[in-house]
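Can you build the whole structure from these sequences, using the hints too?
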Amino acid sequence: MIALIISGYTSLCLGGSAYITNQGDNTVSVIDTNTNQVISTIKVGLKPVGVAVSAINHRAYISNVDGQSISVIDTVKNKLINTYVIKGSPVGLTLSPDNKTLYVADWTDDRIYVMDAISMKIQNEIKNGKAPAGIVISSDGKKLYIANRDSNDIAVIDTDNRQTSSRIAVGKHPFGLALNKNGTELYVVNVISNSISVINTTSLKSEIIHVGEHPYCVTPSKDGLFLFVTNTQDDSVSVISLAQKQSIATIKVGEVPEGISTDELTGNIYVANWASNQVSVIDGQTQKLITQIKTGDKSRSFGQFILPSSPK
Amino acid sequence: MKKVIALIAMAILPLTAAAHGPSPQKVEKEIVIKADPAKVWALVKDFGNLQKWHPAVASTKLETKKDENGDMQTYRTLTLKGGGTIYEKLRGSDDKDMQLKYEIVSGVLPVADYNAKMTVKAGPGAGESTVVWMARFYRVYKLNPPIPAGQDDESAINAVTGVFEAGLPALKALAESK
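Chains A and B, in that order, give the protein sequences. Per our numbering, the first sequence runs over residues 1 to 312. Per our numbering, the second sequence runs over residues 313 to 490.
Rather than coming from a laboratory, the hints here were simulated on the basis of the structure. Check before you lean on any hint, since a few could be wrong.
Claimed, not checked - The following label-pair restraints were derived from C-beta to C-beta distances:
no.: 1; chain 1: B; residue 1: T386; chain 2: A; residue 2: I248; range: 51 to 59 Å
no.: 2; chain 1: B; residue 1: V344; chain 2: A; residue 2: N124; range: 54 to 62 Å
no.: 3; chain 1: A; residue 1: T291; chain 2: B; residue 2: G435; range: 18 to 26 Å
no.: 4; chain 1: A; residue 1: I81; chain 2: B; residue 2: A354; range: 50 to 58 Å
no.: 5; chain 1: B; residue 1: P367; chain 2: A; residue 2: Q285; range: 48 to 56 Å
Said to hold, decoys possible - Within a straight-line C-alpha distance of at most 30 Å, the following computed DSBU-like cross-link-like pairs (lysine-lysine) qualify:
no.: 6; chain 1: A; residue 1: K222; chain 2: A; residue 2: K252
no.: 7; chain 1: A; residue 1: K252; chain 2: B; residue 2: K341
no.: 8; chain 1: A; residue 1: K130; chain 2: B; residue 2: K454
no.: 9; chain 1: B; residue 1: K338; chain 2: A; residue 2: K294
no.: 10; chain 1: A; residue 1: K77; chain 2: A; residue 2: K245
no.: 11; chain 1: A; residue 1: K172; chain 2: B; residue 2: K454
no.: 12; chain 1: A; residue 1: K172; chain 2: A; residue 2: K252
no.: 13; chain 1: A; residue 1: K245; chain 2: B; residue 2: K378
no.: 14; chain 1: B; residue 1: K401; chain 2: B; residue 2: K351
no.: 15; chain 1: A; residue 1: K288; chain 2: B; residue 2: K408
no.: 16; chain 1: B; residue 1: K413; chain 2: A; residue 2: K245
no.: 17; chain 1: A; residue 1: K172; chain 2: B; residue 2: K338
no.: 18; chain 1: B; residue 1: K378; chain 2: B; residue 2: K393
Claimed, not checked - Residues from chain A that face chain B, not an exhaustive set, calculated with beta carbons under 7 Å:
no.: 19; residue: D66
no.: 20; residue: N82
no.: 21; residue: I86
no.: 22; residue: S89
no.: 23; residue: W107
Idealized CB from N, CA, C, for every residue including glycine.
Below, the structure written as structure tokens:
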């Protein structure tokens, strides 16, 4: 029995796993980032969009925006554990660094749920700006950053007392967010402004970098020197040099690319294409398209959706 | 055809620029046309003359004016045979990729944040073209259920499907005529 679990577990640890939400058929496709094959397809709630993954809890959390629920997946067996109904329209998800707390952005009712990531009980709510979308947390767990899409700003929440410590004006309709590894910079995608705001998390000063049409999400490269940004209405990914503070390349991907994440093992970039039902894989070094993987209907994967391989 | 016009005319709802619902919807239709891609693309890219081939459109008025950022942009007002108008902004017209992109600014379709593209591809046969028409949009109702009748995902999808399914065979007929 133990041997079975261990062997089953080891076989899943060769590569990372990308959890791809498929809005159209209410499933999650699991891609082994070592082989770039779909190894599992899991039924979840209605219209899944957001993803958060936990190597500590061995779980993937999926927000089902029309189902008004969160599905929890066992990432060892790649099976659904349960779906938990909440009020509102959950979109953005993020986990505290200790993975004990799950933060859930409720798009419609303008609040962030604070949930126990194991029991899935709601512990608190944070009310802040309008239409909260992307959320990320600092590596010390003290600051939660919220992209308030309809307030055109970023809220910085002190997680100890759940109070707003600052609000930073950005471009129009901020949506996807990412932090660099040491947490000194926050990257904000401004959908209507066709730009990225690069925010210094100490001074809170920001700079604007232009990208393609209707951008959605951003991920830093493994070495932290570049940003990759999905341009939903150009069917492309912009590559931004952080040293040059500008876009240096555009990579054609599938149609209407939304979610984007970096595989920390290989440095490859994974892009969920909503309109062409596939994931594009980009080599993070050469910045070229490597392959496209067929997934489910209307792939989105909003959030950091790749679970790194576990140490042997 | 009458059904399409009725469907479009039925839904007299204003569009607003505020938050949309959380799940985007998609309608994608394609048709094979026995005509040279260049000929088909010339019809598709003619943004100011949709009435030439779409049976629900009575007239098209083209205008160029500054958008909210001060950039000159191309817009059209479609007056529908069944009543009502649709006001659209040209987002791109690429001769190399034979792709037209546009969005709805306001109008009678029961949709929000609507953007679409029409792409002309060569093939499948020699001298043939394939036209792919794809739109991404949201339902009108932005809040949690219950969703009022006519403002749900199905109403939005049905209206756009009606527009596409009436338009593509008519485009084919025109392109294939001498």
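Results for each hint:
Range check, T386 (chain B) to I248 (chain A): Cβ separation about 30 Å, and the 51 to 59 Å hint is violated. Range check, V344 (chain B) to N124 (chain A): Cβ separation about 57 Å, and the 54 to 62 Å hint holds. The given range of 18 to 26 Å is respected by T291 (chain A) and G435 (chain B), whose C-beta atoms sit roughly 24 Å from each other. The given range of 50 to 58 Å is respected by I81 (chain A) and A354 (chain B), whose C-beta atoms sit roughly 56 Å from each other.
Under the hint 48 to 56 Å, the C-beta atoms of P367 (chain B) and Q285 (chain A), about 52 Å apart, fit the expected range. Restraint check for K222 (chain A) and K252 (chain A): the C-alpha separation of about 20 Å stays at or below 30 Å, so the hint holds. Between K252 (chain A) and K341 (chain B) the CA atoms are separated by roughly 22 Å; this keeps the pair inside 30 Å, and the hint holds. Annotation: proposed proximity of K130 (chain A) to K454 (chain B) holds, straight-line Cα distance about 13 Å (limit 30 Å).
Between the alpha carbons of K338 (chain B) and K294 (chain A) the distance comes to roughly 18 Å, so the proposed pair stays at or under 30 Å and holds. With a C-alpha separation of about 42 Å, the suggested pairing of K77 (chain A) with K245 (chain A) is violated against the 30 Å cut-off. A distance of roughly 19 Å separates the Cα atoms of K172 (chain A) and K454 (chain B); the hinted pair therefore holds under the 30 Å criterion. Pair hint K172 (chain A) plus K252 (chain A) holds up; C-alpha atoms about 25 Å apart against a cutoff of 30 Å.
For a cut-off of 30 Å, the pair hint linking K245 (chain A) to K378 (chain B) stands: about 29 Å separates their Cα positions. Using a Cα cut-off of 30 Å, the hinted pair K401 (chain B) and K351 (chain B) holds, with the two alpha carbons roughly 23 Å apart. Restraint check for K288 (chain A) and K408 (chain B): the C-alpha separation of about 22 Å stays at or below 30 Å, so the hint holds. Simply put, K413 (chain B) and K245 (chain A) have alpha-carbon atoms about 29 Å apart, close enough for the 30 Å limit, and the pair holds.
This hinted pair checks out: K172 (chain A) and K338 (chain B) have alpha carbons roughly 24 Å apart, not beyond 30 Å. As the CA atoms of K378 (chain B) and K393 (chain B) are separated by approximately 29 Å, the hinted pair is consistent with the 30 Å bound. For the restraint placing D66 (chain A) at the interface with chain B, the shortest Cβ-Cβ distance is roughly 6 Å, inside the 7 Å limit, so the hint holds. Below 7 Å, beta-carbon pairs count as interface contacts, and N82 (chain A) has none with chain B, the closest being about 22 Å; its hint is therefore violated.
At its closest, the beta carbon of I86 (chain A) sits 11 Å from a beta carbon of chain B; the interface hint therefore is violated under the 7 Å criterion. Annotation: S89 (chain A) was flagged as interfacial toward chain B, and the flag holds, the nearest CB pair being 5 Å apart, inside 7 Å. With a least beta-carbon distance of about 5 Å to chain B, the hint placing W107 (chain A) at the interface is held under the 7 Å criterion.
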